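Residue numbers (our numbering), protein chains in the order written: chain A, 1329 to 1450; chain B, 108 to 757.
Keep in mind that the hints were calculated from the coordinates and are not lab data.
Hints may be right or wrong, so weigh each one.
[Stated by the list, open to error] Facing chain B, according to a computed beta carbon distance under 7 Å, are these residues of chain A, among others:
1) A1352
2) A1368
3) P1380
4) P1385
Since we're looking at a predicted model, the values are computed, not measured.
Virtual Cβ for every residue (Gly too), placed ideally from N, Cα, C.
So the chains spell out like this:
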Amino acid sequence: MNIPAAAALDADPDLEPDPLFLAAFREARWILLMWLSCFAWTLTVCLNFGYPETVDPLNFPMVLGIPAWVAWGIAFPWLIANVVTIWFCLFVMEDADLGEDSGEAAISDASANAPAEGGSNV
Amino acid sequence: MFEASMLYAPTTFAAAGSSALVTFCLYTLAVFGLAALSSRLLKNRNFLNEYFLGSRSLGVWALALTFAATSASGGSFTGFPSLIYTHGWVLALWIASYMIFPICTMGLLGKRINQVARKTGAITVPDILRDRFQSASFALLATALLVFFTCVNLVGQFKAGSMILQTLLGENATYQALRGIVGNFLQSSQLLAGLDPGYFLCLLTFGVAVIIYTTWGGFHAVVWTDVMQGIVMVLGVIIMLPLAIYQVGGLQHATETLAQMVPPHRAEIVIQTDVEDLDVPKGTWLQTDDSPSRIFRIGEAAAFDESGRATVKGIEIVDPGDQQRIRSGTVDVSFEESVAIVDVRKSTPAAYPGDARPGVYVTAPGPDATKMDGMLPMSLAFSMFFYWAISGTGQPSSMVRLMAFKNTRTLRISIASVAMYFSFIYFPLVVIFCCSRLLLPGMEVESDRIMPQMAVTLTSNIGAGWLAGLLVAAPFAAVMSTVDSFLLMISSAVVRDYYQRNVNPDASQRTLQRMSYTCTIVVGIGVVIAALNPPEFLQYLIVYVGSGLAACFLAPMSLALYWKRMTTSGAFASMLGGFLCHLSLYIVGWLRGDGFTKPMRPFSLDPVVIGIVMSFSLGFVVSLLTPPPPKELVEKYFYTRRKKTPDGEQ
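Turn these sequences into a full structure, and let the hints guide you.
As structure tokens, this is what we get:
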């Protein structure tokens, strides 16, 4: 969505879009895609195999003592999600300068400079 | 069918020995030690920035563990185990989106919120919104909603803290003596006459401890104790997991047994006794005289009339396996012999499955005493996957932590660490408390106490009672780490967002310091009073608050950070729309007589999904219908000056 202010700012040769904003926005879209993938996998498997009409308690399918629908629909993608998360954090997310802390802005600067009541520890 | 030799008897903390109490006291002392250390940091630093945000200096471990510990609240260690015990393996699906929770909650907003907070000098979430939208009234709205939801959540957390302490102290002689004194005091007071003295005493103890160390140490105390508490929590789970699996004879065996179990019936019975002033508390086991006897556990204390009769509600154990284990003494159940059951007025099967069909504990939607479509119908499974990961991103308590890390490397490593951390917490909890059904039958009547009771049972069975102190410290740590963060968030909202920003911008550091301390104490006391009569189901309360906060804050904050066109009117519409939509669905559910735990679910979707969708939609539409934000504001948040090269070229 283009807006007049943004159009004017884009045209200003002294300005450029904040690189951290652009990187964070790009990463946010990847993260949403990761969420969507987990969502699709887990719900597809669990809704198809976790809600049986009848259960034979003596021949219940299990993987390592875990109900099979939980093992394949939740435990397995959880493992994969961890691997992908770690890879994404270590190799895809970019480091960037967060900028200086501007303190407590003007309002706090005023209060910090205000005379303390009975002495101040600042 | 069942290997009796592999099962062990439940016990109480009294049996576990005083060593558990000593371990637990040492842990509490360590918390106070950390508060003392961090209070020293407050000297020689800007008070508000240090007290509420730790001077934006969190490193990898501090950020990871404070984030994880704050997210894993009393709900994770009391309400969640209670739900697993009651509904079985389906809770793995209920919590499944924790597989993607850390990257969503920390990665979606983390970098950007920290950058904007630094740019504007913001200390609180309303601070950021105020500066982004240049609106004091919008910041006040955010503050009011924040305080409202956080206070409601704190009530539930305080209840959890008190219940854990009660289990810990059990039959300890000093505690029992104090309980008697408090009981007499409560009886003499008109206002407090109906309260359980044990709950009251533990609530006061827990409340005083948390209020003191939070007030004393501020943000750093909260973060350092979170780090310690985070370690305690994961250690607790890692120790409990093999103990639980071993004591039920292996996970395969536990799941096979669960597959054959059927849920207890809801019952109402008439009982009689000849003994005067007999105390028959909640949780008492009773059986009929026939052979084989019918087995009941009561869910409320019996109030006998003059003829020695009382009508009580509870459960009837109908699972043949449970009955066999109880009768054979494989699990430790003692019946109250001086009370006779004279009539079974009602014994109703769970609404789902509605009959004695086995397999409900190992499949979805899971058994449910009152809901005809089970605990987690398909539509709700969809909502819950959305709820944890997406609404978790909209929690102000998480946002505050994201404003406090020192650089982006810290954020990246912390996300990876939290991902591993939660994997060691949540899935193992499902395993542990599915096993608990085999060790502790009949806990449906007080399922919120399953975690501490399980900790005591597991450790006592291996003769390591002292270890119970550490294990019970895990849920206690989870509650404490959430309570302290929320207390601080409320006082920051009042002192910074209301007082300093609106009433007295020139307030001195000393005044702000006094106000912060006073506010933390007053809020803490207020919540203790509110928690005297807490709601029954802790986890539902926490879900309500979590989803309400997400419906209010996720869309305004996300759009504020990522959408240039977002306007003040759009922000108002987004926040109010999310809040009202979410609240109205709960009110409609309540008006229909379904109570607080069953909100209206349009299209079978949870209120959090509807609330968030409504909040985003209103934010978009209203922003587009109103004049765009001023150029200076867009430039400040979304642009930067080009760096000039040494030769002057851009």
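A quick look at each hint next to the structure:
1. Interface hint at A1352(A): satisfied, since its Cβ lies 4 Å from the closest Cβ of chain B, which is below the 7 Å cut-off.
2. Annotation: A1368(A) was flagged as interfacial toward chain B, and the flag is violated, the nearest CB pair being 10 Å apart, outside 7 Å.
3. Residue-level restraint check for P1380(A) holds (minimum Cβ-Cβ distance to chain B is 6 Å; threshold 7 Å).
4. Below 7 Å, beta-carbon pairs count as interface contacts, and P1385(A) has one with chain B at about 4 Å; its hint therefore holds.
The structure does not agree with numbered hint 2 stated previously, though it agrees with all others.
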